[in-house]
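Engineer: Could you build all of it, start to finish, from the sequences and the hints given here?
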Amino acid sequence: MPSCAELSPGHPTGGVRGQGHAPRPSPFDLPVGSILAMADTQQVDPKAERRAARLARRIGSFSKAHGGAEGQVAYLGERGARIVLVGEDGTWGDLVAPTYAIAEQAVEKSGITVHEAFDGAFAAKVRTGPYEWSRMAGLQVGGPSNR
Numbered sequence: 151m152p153s154c155a156e157l158s159p160g161h162p163t164g165g166v167r168g169q170g171h172a173p174r175p176s177p178f179d180l181p182v183g184s185i186l187a188m189a190d191t192q193q194v195d196p197k198a199e200r201r202a203a204r205l206a207r208r209i210g211s212f213s214k215a216h217g218g219a220e221g222q223v224a225y226l227g228e229r230g231a232r233i234v235l236v237g238e239d240g241t242w243g244d245l246v247a248p249t250y251a252i253a254e255q256a257v258e259k260s261g262i263t264v265h266e267a268f269d270g271a272f273a274a275k276v277r278t279g280p281y282e283w284s285r286m287a288g289l290q291v292g293g294p295s296n297r
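Counting in the numbering used here, the sequence shown runs from 151 upward without gaps.
Please note that the accuracy of each hint is not assured.
[Said to hold, decoys possible] Here are the simulated SDA-like pairs of lysine to any residue, each with C-alpha atoms no more than 25 Å apart in a straight line: (1) 214 to 266; (2) 275 to 225; (3) 275 to 197; (4) 259 to 203; (5) 259 to 223; (6) 275 to 207; (7) 214 to 241; (8) 214 to 244; (9) 214 to 254; (10) 275 to 228; (11) 197 to 227; (12) 197 to 238; (13) 275 to 224; (14) 259 to 207; (15) 259 to 281; (16) 259 to 198; (17) 275 to 222; (18) 214 to 281; (19) 214 to 227; (20) 275 to 198; (21) 259 to 216; (22) 275 to 206; (23) 214 to 286; (24) 275 to 258; (25) 275 to 261; (26) 275 to 237; (27) 214 to 284; (28) 275 to 199; (29) 259 to 229; (30) 197 to 254.
[To be verified] Simulated DEER-style distance windows between Cβ atoms: (31) 264 to 196: 31 to 37 Å; (32) 203 to 280: 20 to 26 Å; (33) 208 to 276: 16 to 22 Å; (34) 281 to 197: 34 to 40 Å; (35) 217 to 267: 19 to 25 Å; (36) 194 to 226: 22 to 28 Å; (37) 254 to 218: 17 to 23 Å; (38) 232 to 277: 15 to 21 Å.
Treat the hints as calculated values from the structure; they're not laboratory data.
Computed from a prediction, not measured in an experiment: that's the story for all the values here.
All C-beta atoms in this analysis are idealised placements derived from N, C-alpha and C, irrespective of residue type, glycine included.
Structural biologist: Now the structure itself:
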């Protein structure tokens, strides 16, 4: 390794401020961007995989019972994510996943159509019954079943 004086003959420290020596090269041969590459690798969490598979089965059951289904995933913060499902017959329901990533994995595995937002066209497919209307009026009114 050349000395500091050899790196820059006119300067006693080789143009480097500080202790009078040039920085040493790393003893480890790391490719450029290796930290980013490590961050991009996905760790397979068996517990998360099982949770996503269980949610996907429940989504599939809902879809089968209601002639198909569409969904939307909404972030809930620390609680995780809410998966809102709307069946072809207008029936709706929801599930909560512990994380947004697990919710996305579950809807992907289930094969349903996923909407980016709960917009007007998607919301128009929801059929509300007497139960929902009485709940919107207040809990004191009571809530008959939808059947």
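Engineer: Hints first: check each against the structure and report whether it holds.
Structural biologist: Status of the hints after comparison with the structure:
Between residue 214 and residue 266 the CA atoms are separated by roughly 22 Å; this keeps the pair inside 25 Å, and the hint holds. Proximity of residue 275 to residue 225 is assessed by CA-CA distance (about 22 Å); at most 25 Å being required, the pair is judged to hold. As the CA atoms of residue 275 and residue 197 are separated by approximately 34 Å, the hinted pair breaks the 25 Å bound. As the CA atoms of residue 259 and residue 203 are separated by approximately 7 Å, the hinted pair is consistent with the 25 Å bound.
Simply put, residue 259 and residue 223 have alpha-carbon atoms about 14 Å apart, close enough for the 25 Å limit, and the pair holds. A threshold of 25 Å between alpha carbons decides the hint, and for residue 275 with residue 207 the separation of about 23 Å falls inside it, so the pair holds. Between residue 214 and residue 241 the alpha-carbon distance is near 12 Å, which keeps this suggested pair within the 25 Å criterion. Restraint check: the Cα-Cα separation between residue 214 and residue 244 comes to about 15 Å, which is no more than 25 Å; the hinted pair holds.
A hinted pair counts as satisfied when its Cα atoms are at most 25 Å apart, and residue 214 with residue 254 qualifies at roughly 20 Å. For the proposed pair residue 275 and residue 228, the alpha carbon gap of about 29 Å is over 25 Å, so the pair is violated. Straight-line distance between C-alpha atoms of residue 197 and residue 227 comes to about 20 Å, which keeps the hinted pair within the 25 Å bound. Of the supplied pair hints, the one linking residue 197 and residue 238 is violated, its CA atoms being roughly 31 Å apart against a limit of 25 Å.
With a C-alpha separation of about 18 Å, the suggested pair residue 275 and residue 224 falls inside the 25 Å cut-off, and the hint holds. In summary, the hint linking residue 259 to residue 207 is supported, as the alpha carbons are separated by about 9 Å, within the 25 Å threshold. With a C-alpha separation of about 31 Å, the suggested pair residue 259 and residue 281 falls outside the 25 Å cut-off, and the hint is violated. Taken as a hint, the residue 259 and residue 198 pair is honoured in the structure, with Cα atoms around 13 Å apart against an allowance of 25 Å.
About 13 Å separates the Cα atoms of residue 275 and residue 222, which keeps this hinted pair within 25 Å; it holds. Proximity of residue 214 to residue 281 is assessed by CA-CA distance (about 23 Å); at most 25 Å being required, the pair is judged to hold. Straight-line distance between C-alpha atoms of residue 214 and residue 227 comes to about 30 Å, which puts the hinted pair past the 25 Å bound. This hinted pair does not check out: residue 275 and residue 198 have alpha carbons roughly 31 Å apart, beyond 25 Å.
Taking the CA atoms of residue 259 and residue 216, the gap is near 18 Å; set against the 25 Å cutoff, the hint holds. About 22 Å separates the Cα atoms of residue 275 and residue 206, which keeps this hinted pair within 25 Å; it holds. For a cut-off of 25 Å, the pair hint linking residue 214 to residue 286 is broken: about 28 Å separates their Cα positions. Annotation: proposed proximity of residue 275 to residue 258 holds, straight-line Cα distance about 21 Å (limit 25 Å).
Under the criterion of a C-alpha separation no larger than 25 Å, the hint pairing residue 275 with residue 261 is consistent with the structure, at around 19 Å. Between the alpha carbons of residue 275 and residue 237 the distance comes to roughly 8 Å, so the proposed pair stays at or under 25 Å and holds. Only pairs whose Cα atoms come within 25 Å are accepted, and residue 214 paired with residue 284 is rejected, the gap being roughly 28 Å. Under the criterion of a C-alpha separation no larger than 25 Å, the hint pairing residue 275 with residue 199 is inconsistent with the structure, at around 31 Å.
A threshold of 25 Å between alpha carbons decides the hint, and for residue 259 with residue 229 the separation of about 22 Å falls inside it, so the pair holds. Restraint check for residue 197 and residue 254: the C-alpha separation of about 15 Å stays at or below 25 Å, so the hint holds. A hinted range of 31 to 37 Å for the beta carbons of residue 264 and residue 196 is inconsistent with their spacing of about 24 Å. Range check, residue 203 to residue 280: about 36 Å between beta-carbon atoms, so the 20 to 26 Å window is missed.
The hinted range of 16 to 22 Å is satisfied by residue 208 and residue 276, whose Cβ atoms lie roughly 19 Å apart. At roughly 35 Å, the beta-carbon separation of residue 281 and residue 197 lies within the given 34 to 40 Å, and the hint holds. Evaluation of the 19 to 25 Å hint for residue 217 and residue 267 yields a pass: the beta carbon distance comes to about 23 Å. As the Cβ distance of residue 194 to residue 226 is approximately 24 Å, the hint placing it in 22 to 28 Å holds.
At roughly 20 Å, the beta-carbon separation of residue 254 and residue 218 lies within the given 17 to 23 Å, and the hint holds. Look at residue 232 against residue 277: about 19 Å separates their beta carbons, and that is inside 15 to 21 Å.
Going through the hint list in order, the structure does not satisfy hints 3, 10, 12, 15, 19, 20, 23, 27, 28, 31, 32.
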